[in-house]
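Novice: Protein chains in written order, with UniProt numbering: chain A, 1 to 415; chain B, 1 to 415.
Hints should not be assumed to be uniformly reliable.
With the C-beta cut set under 7 Å, the calculated list includes, among others, these residues of chain A facing chain B [what the hints assert, rightly or not]:
| id | residue |
| --- | --- |
| 1 | R14 |
| 2 | A104 |
| 3 | V317 |
| 4 | R321 |
| 5 | H323 |
Counterexamples of contact, computed for chain B against chain A with all Cβ distances above 12 Å [stated by the list, open to error]:
| id | residue |
| --- | --- |
| 6 | S7 |
| 7 | I79 |
| 8 | M264 |
| 9 | E276 |
| 10 | S277 |
| 11 | G292 |
| 12 | L319 |
Don't read these hints as lab results, they were simulated from the structure.
Ideal Cβ positions, reconstructed from N, Cα and C, are used throughout, including at glycine.
So the chains spell out like this:
Protein chains: 2
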Amino acid sequence: MTAAVLSIGTELTRGELVNTNASWLAERLTLLGFEVQELRVVDDDVGRIVETLRALASKHRVIVATGGLGPTTDDLTTIAAAQALGVGLERHEPSLDAIRRRFAKLGREMSKTNEKQADFPIGATILPNAVGTAPGFAIELDGARVFFLPGVPFEMRRIVEDHVEPAIASLAERTTHQIRLRTFGLPESVVGEKLSGIEESEPAVTLGYRASFPEIEVKVLARASNHAEAEGIARRIAQTVRDRLGDAVFGETDDTFAGYVGQMLRDRGLTLAIAESCTGGMIGAMVTSVPGSSEYLLLDAVTYSNAAKHDLLGVDVELMRHHGAVSGEVAGAMAEGALARADAHLGVAVTGIAGPGGGTDAKPVGTVWFALAQRGAPTVTRTMNLPGDRERIRTLASYVALKMVADAAISRGRA
Amino acid sequence: MTAAVLSIGTELTRGELVNTNASWLAERLTLLGFEVQELRVVDDDVGRIVETLRALASKHRVIVATGGLGPTTDDLTTIAAAQALGVGLERHEPSLDAIRRRFAKLGREMSKTNEKQADFPIGATILPNAVGTAPGFAIELDGARVFFLPGVPFEMRRIVEDHVEPAIASLAERTTHQIRLRTFGLPESVVGEKLSGIEESEPAVTLGYRASFPEIEVKVLARASNHAEAEGIARRIAQTVRDRLGDAVFGETDDTFAGYVGQMLRDRGLTLAIAESCTGGMIGAMVTSVPGSSEYLLLDAVTYSNAAKHDLLGVDVELMRHHGAVSGEVAGAMAEGALARADAHLGVAVTGIAGPGGGTDAKPVGTVWFALAQRGAPTVTRTMNLPGDRERIRTLASYVALKMVADAAISRGRA
Chain A
1 MTAAVLSIGT ELTRGELVNT NASWLAERLT LLGFEVQELR VVDDDVGRIV ETLRALASKH
61 RVIVATGGLG PTTDDLTTIA AAQALGVGLE RHEPSLDAIR RRFAKLGREM SKTNEKQADF
121 PIGATILPNA VGTAPGFAIE LDGARVFFLP GVPFEMRRIV EDHVEPAIAS LAERTTHQIR
181 LRTFGLPESV VGEKLSGIEE SEPAVTLGYR ASFPEIEVKV LARASNHAEA EGIARRIAQT
241 VRDRLGDAVF GETDDTFAGY VGQMLRDRGL TLAIAESCTG GMIGAMVTSV PGSSEYLLLD
301 AVTYSNAAKH DLLGVDVELM RHHGAVSGEV AGAMAEGALA RADAHLGVAV TGIAGPGGGT
361 DAKPVGTVWF ALAQRGAPTV TRTMNLPGDR ERIRTLASYV ALKMVADAAI SRGRA
Chain B
1 MTAAVLSIGT ELTRGELVNT NASWLAERLT LLGFEVQELR VVDDDVGRIV ETLRALASKH
61 RVIVATGGLG PTTDDLTTIA AAQALGVGLE RHEPSLDAIR RRFAKLGREM SKTNEKQADF
121 PIGATILPNA VGTAPGFAIE LDGARVFFLP GVPFEMRRIV EDHVEPAIAS LAERTTHQIR
181 LRTFGLPESV VGEKLSGIEE SEPAVTLGYR ASFPEIEVKV LARASNHAEA EGIARRIAQT
241 VRDRLGDAVF GETDDTFAGY VGQMLRDRGL TLAIAESCTG GMIGAMVTSV PGSSEYLLLD
301 AVTYSNAAKH DLLGVDVELM RHHGAVSGEV AGAMAEGALA RADAHLGVAV TGIAGPGGGT
361 DAKPVGTVWF ALAQRGAPTV TRTMNLPGDR ERIRTLASYV ALKMVADAAI SRGRA
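Full structure from sequences and hints, please.
Specialist: Shown next as structure tokens:
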């Protein structure tokens, strides 16, 4: 059962606003079991709206259109729908009364132009708008169910939940199941390599990849004769993917990397202290994005200057002079300083050159030193040369540092 | 001269991703003088990609397509482009070398699957990718210029600027000019009120608003018989907008709020120390996102626990016990502690309840205390009850704190 989404409005074709309605609708339709094959955006032109409606109706069983139901002269969707059907418009008095009541309730004068929001193609089904002025409506075009909704996101969503989903839920049978695995640590090409052959040997499965730097999401989509069967296949293949990618997989769906790291600490009753330089607070911001992170994060000292490294973390001035602030020695001293200051189980430190300036031949932009200090264990340091611009270097460095924390927590076990 | 944008990817038709590429491209094409009539999104299906390319090529002179150029099996755009042309693929050795060099530079192993990123439809024009692996390419289809670009936003944008805009700029006459003013501190409704009447008195001007929390961007779009004239009008109205919105306007186009705050400090030779609690490093991460921020940021102490507030910032334990960690007294002591610790000119502190837990009747979730300490001036504290979820509360709190820093720097003058 295929479906399509149509967004109407010159403000969209001009790129004046991002089309969040389309992605929201596409996701809802997908979850209902529809195969959404295309999303379209057309400007406020009756001819093009009509043409697009006919093209979509000839291909899909369900079409959800948004926008162009307002009171102004460039709101042409209702006229276009009527033309596509080859019928006229008729005024719907109950809707007009509802619009009048709404204005009265807001203590506002209803303008004449608002009356057109109560006009609909003859024979259309009205979809009352519980939270706004313009009702939506539904028509049957070439055997396709076409729903027209206002473009205001919260009004559109409410009408979808109140009227559209109940009307179409029975049309689609949910025969797919998708599991999204979130990974960090392997480049997309390597992920693809490690998973090669799965789709060939599992025709019911499609693997998708989405890079949202620095993470890569692997989507396992399984198709079967019913949802339960599809879910079983998806779970089995998701396990295969986990086996092949190892600990690069940190979670599913909406799990976050910071949440994963926090869980590794919380499960073992471990506390963390952070010392940041080039990441400038990013690591702390990531860790504390997780509710309850105060249970395990004791301290994050963003010591941007050498003076701060010395005053707050007790990093030896001589050490910095001799090795430079970007060195394994200083990273180690920062981690140990943070560990001692907060009396934590784990201390992690990052010092590097995020650029664009500050690079040298010996230490080019992207040079980053990491250190992990542990109560009762030797401090470990490592260096990497990270690619990309300042923001990417800082983001990647934050992930690498937190990955070191998670790995240390896992290998360390309970406090 | 009409144009269209095509976005390719099942992650888009399933609504897993908001299509920001399409709106960005639509805006750029519009600014170049093209009439963008439609935006389309299709899933990763060769047949539908081919069909859509042909349909768009028959109607528009310029088409920009994004997505599906990656190394994985669901990247099918190149094959579809070749089928639409009725030609085969050929390997482009210079591109393959470039990809190899890129992997070598990153010290990574190039996997076999990446080689397909150097395959293009026979006769296609290659569009080198200066910031990523996959090059784009351009073809001529039914007299339409069709550009294929990677879906990774920053790679796509770079190739548009390097290759696409130079190739198509001459096809359209540019008769508009847009200036984007970035603001923080006024709700969208207030911004709209303060700017009311401008469009009525300036028919050649359209004002657009884009909220990207917590900032609001005001777009001044001017139309005229030629670009120079349009630019003149846009500049004049932009000044009117600045006059009406006052210091809520912090910059234009790609200026960042953190960059603005940094400039206020740098211009006056002032240094900053930060003490964070609920924002957990966000303020530091924002400040240090600006290259050269080490000139003015001396320290950011993320003191999540009371112990850290005491140990690092010298906040009196009795004070915390008596007023609670979320109080004006503690915020003030944190700011003064950071100021003294780093011997900075300005010290800013934030302590609050970001939620979802931790709220009380007296101090509900969203309660945030701010303090600004200055060398040789009394410490100022203020409180706000911030709306939204944990992430919004933290983000808004970070902006409010930095706004206090910028305002203090301005009123303080040179060090």
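Novice: Does each hint hold? Answer for all of them.
Specialist: Hint by hint, here is what the structure shows:
no., hint, verdict
1, R14, "holds, 5 Å"
2, A104, "violated, 22 Å"
3, V317, "violated, 16 Å"
4, R321, "violated, 17 Å"
5, H323, "violated, 18 Å"
6, S7, "violated, 8 Å"
7, I79, "holds, 16 Å"
8, M264, "holds, 18 Å"
9, E276, "violated, 7 Å"
10, S277, "violated, 9 Å"
11, G292, "violated, 7 Å"
12, L319, "holds, 19 Å"
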